[in-house]
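> Starting from the two chains in their separate frames, assemble the complex, guided by the hints.
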Amino acid sequence: MNRLLRTLMVLLSLLPALAHAHAVLLKSEPAAKSEIATSPQQVVLEFNENVGPIYFKVLDKSGAEMPASDFQLDGNRVVLPLTDALANGTYAVTYRVISADTHPVGGMYLFAVGEPLAEFSAAAATPQQSPWRLAVGANRAVLYATVLVAVGAVLITFLLALPGRVAAVNRRQGSIAALVAAVSFVLSISFGGAEMLAGGIGAFVSPQAWAQAIKSTLGISALLGVPGALLVGFAFRSDSPSSAALSIGAALMVASFLVTGHAATAVPVWLMAPNVAVHMLAGGLWFAALLPLIAATRQLPSGEAATVLDGFSKRAIPAVALLLLSGIVLTVVQVRDPAQMLGSDYGLRLSLKLLAVVVLLGLAALNKLRLTPALAQGVTGTAGRLLNSMRTEYLLMLAVLVAAASLTLATPPRAIGDMNAAAAAGGGMDMMSMGDGFRATWKDGDYSVDVEVTPAKPGENMIMATFRDAAGNPIAVTGSVVVMGLPAAQIEGVRVSGEPAGPEMQHFMVSETILPGDWTMTVEGFVNDFDKVMISGTVPIR
Amino acid sequence: MKTIKKAVMAVMGAAGMVASQGAGAHAYVQLTEVNAGWRHDIEIRIPHGCKGSPTTQVRVKIPEGVTSVRPEINRNWKISMKMRKLPKPVKGEGGVTLTETVDEITWSGNSLPDELFEKFTFRAVIPDTPNQFLFFKTIQTCKQGEHKWVEVPSDPSKFGEFMRTANEPAAFTYVVKPARKQYSF
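Chains as they are written, first to last, in the working numbering: chain A, 1 to 542; chain B, 1001 to 1185.
Wrong hints could be hidden among the right ones.
Claimed, not checked - Below, computed lysine-lysine pairings styled on BS3-like, alpha-carbon distance capped at 30 angstroms:
1) A/K33 - B/K1143
2) B/K1119 - B/K1051
3) A/K33 - B/K1051
4) B/K1158 - B/K1091
To be verified - Residues of chain A clear of chain B, computed beta-carbon distances all greater than 12 angstroms:
5) T90
6) I294
7) L324
Just so you know, these hints were derived from the structure itself, not from any lab.
Here the structure is a predicted model, which is why all the values come from computation and not from measurement.
Quick reminder that beta carbons are idealized off the backbone N, C-alpha and C, glycines included.
Just chain B, with the same shape it has in the complex (with noise of 0.2 angstroms):
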């Protein structure tokens, strides 16, 4: 009884989850929440094409203090990063000093279709500043058309009423402050 109970809760969660995401029918991450400071694998998944029109670019900008960005291989796309330069150098893996981190990560080269949807993945450590959400802006182009993945609210605090009226809102998780340190992996 308190198996099924707790399964029911665990599927309605999911599917306010993904409510809350619009549904997916919007370009999203597939994590609801991340942890500050963590190292994660975060995936941007594109559900629809434009109208109909097939997916052939995404292009995701990488929020500030995201850093460590690292894409998975993917044999089946383009992969290219523009970097940016950081205000200070700071000490990476292996003592190397960095002093630019990945601005934009570009999927290209491939045609994905309507009715299908992909994940564009890649490692990246959060930002140590929990409660707070995190906007991955992602611009979706078709053969026809295109989705710029782009709002973000103007008051945090009103993120429902934003999440109700946002005609193409940005790919979003929400940091949270973990019970521990991560485990170095």
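One chain only, chain A, in its complex shape (with noise of 0.2 angstroms):
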């Protein structure tokens, strides 16, 4: 009987300790986005009400939990004692408590010790992991190469008058770059989708990985390049091809690199676009030339091959001028800051380019000044030596379009300079698709989300969501959130309100995922005042 009353008594005393709303927490030191001089020694956290701690970590930026000692419970307050002083830098704080109503409550924010709370840094712009991102890379430098030489090929047929067997070589160099371009087009829409959707090995044949990158600039660049390719290499397998397929051809493969990549889209267009377009033009017409003089220089009685070679070398000066020239404006405009050229990715990989350009430079003035001369005069050995300096300006030119094609990989200063403007700004600029981050579309019933990550790495992220009914249209949302959470370092409940940015575009700016992993990310907005729709999916930060 005394006990059946007593376990009443406690039923009853629970019951207005039900009634209370769930835990809020009203304030922290220190405060959540603060920046504060020195570490401090412990994090408070206070709520509106009495809360049970489930668990409660302060994390540095590679996830790692900062030692602290057990927390202290002091009524709505919960208090951890960091045991070690925290360095410059910048921390999450990642909390559970269980509220009087038995609902689980959890956040995260930031901090930052001795410094400024942490944006986008070239050190965070590094290169992803992904199997895709290699692939994506390796088929990059194949086009370059195809391209370059098919388009070289079409110029050397217009400039240069050479003999019968040296222009069949060329012929047959333009059309097999050319279609082996029209391949590695077609491969760039399947690499580039897999690698959009993060995805595992069969990804690169999935309808979702295509339809991603055909939607995106990738897609424009196919479309262009694919014909192109096409006219230029079947044009080249007659014997006197069509001037127009070859114009026309050359014309769209340079146009589809106009559309997509970093340099070309770049602001100011009228001045970065023309100058890929010459940049190609001009390499295309040195590297295109090689084989063509190699093929001379073997098969040519000596006197013959030095005049193909200074036929060749009066059209390489002003072409030479011209990719150097334009070499300066492209990195001029997208590295900014010289310091960058060593400090970050992108400018070292451009370096190195530069470098085996250097080299280059030096080997083709070795054979106009002083080998071609020879040759002309019929010294002994030259041709040895002539085919041994081509051969090896041929490598450092493939070594140059790889590093090129690197380029791809990582982000130019200039849009990192862009994106920190954009964040400051409050994240008001209509931003470009810089060709990295995340994209994915998410389905949920009747609904679905078009969701953009940028730049999907650890740091601050802008997010752009795009809600569609069943039919495909998007829709307008009002209320807009985005959920975040990383299970694996048990970070939850990260809320961030978005703003319209452009018809039915959502526009959020997130600056908690500074931990790499696979957030889970919960999309939500209001289609009318009581459908509300909530819509999750796997974010990779990489």
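Quick look at the structure:
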């Protein structure tokens, strides 16, 4: 009897407590998003009611838990004493408590010690480790090489008068390069889509991967490049290729490079796109000339060979000048600050490329100034030395192209600067796609949401979301919120409200994604007063 | 002994019910179960303001299938109703043909302090669809801020998980099959 009465009393006493709402974090020390000069001795969370803590941690940028003693409960305050002082940097406080109504409440916020709160840094813009990243890079190198040779072969056909057998070599290299380029354009869709979806091995044949890539600038690029490459490839198979086919095809291939990529889409486009085109044409002429010139040196008597070489170097000098000039313009716009040439990932790759170019120029100068005249005079052994020199040039050219292709995997300092400026200005800038980042479409019942996370790297991320109805038409939503969590690090409940950005697009700036990992994201929006659409998915932050 | 045991069970049951409703922290329906096809008095109870701010308006959406909606008179609040067209005209009380039914009820023009709760009542006929949840989406507007109690589970069979994870779940009740017909009144 007594036991039952006591149970009854306990239950009755609980009922008033059950009537409370969820616990709400009123304030904390250090405060959210604050920057303090020296390391705090403890972290304090203050709620609107008594809570029972489940976990309470401080994490650094790598996700490591900072040493602390057991948290202490003091009514509605939870105190975490830190045993070691925190070094300068940005930290995440992540917590989960039980409210009086037994509902768990979790959250996460950032604070910084001794330096500004983490924003995009060049160090954060490191290339992803996904295998698709490598495939994309390798395919891009192949694409550069083949398109340059094909376009260069077209230029040679129009600009140089080559003797019969040498001209045949040029046509053959043009045809093979163009047809391989066509395949490479198609593969860029497949690999690009697989990389965007961060998919597994089978991703490159998945329809979603293809759909994603086709919708991006890769799609337009291939739309221009594949017909262009096929035109050139098949035209070169005839002994007297159609000039129309060659010029249209070459123009299409050059255009395909201007609709995508960091350089051609950088601002100001009126300056960058033509410079990219000039860079391609000049570089193509040089690269494509090597094989015919090697053939000329091997097959023709030295006098004739020297004439051919001279004829080329006359065209080459203005071409090289244009190549270097356009290269300087592109570098200045992309890198901005000379210190970034060695200080940023993009800058380092560019520096390697430029180093190879310097060596190439040295070899070319050697050929023109010493070896070609020697060949004309019939000095023995010159042909052999010329051939070695030109073959070395060919290999160096390939190295230059690989370095150039690898630029696509890094973020130019210009873009990083733009992102920081946009973040500082409150994210109102209309951002162009950097070619980095994560895109996906998630479905839930009648609705779907297109999500784009830029740059999907640790640090601050910008999210653009477009909701669509069952027919795929974009719809307007109000009160959009993005809820993010990283289960692996016990981070949850990061809620960021969105702003409409353009018709039917929602824009969010999330600064809490400082740790790499597979973040869960739920995008919420009200399609009318009573209907809230909530769609979830996973975002890889690498 | 038996009576005390029954009382304890009742209290525990009530506590369980209250807890399963988010422990009265959310807008909720006073009836945890309703009979299919019966006329019930439904109370939407608002137990709290918005982070301390008093409630100034309550807007309830009548779900599909719930008909013959008639709010209780409330001399403290201004009551307004929004109608929607019925897919097929139905016979109402007194042989009248009805072409529309109540879609939303709005109570406004007053202020409910955070520390008090209030009931917003209406009569309605529950649809004859037993063994499923019935959701009354409620928008609670406060002097500062609002709560939109409108989340519903995407998978009705995972209701427990929904209740654990939902941020602002809709007020709900459960429709059961009654043992007998309702005596009309």
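> Of all the hints given earlier, name the ones this structure violates by number, lowest first.
The structure breaks only hint 4.
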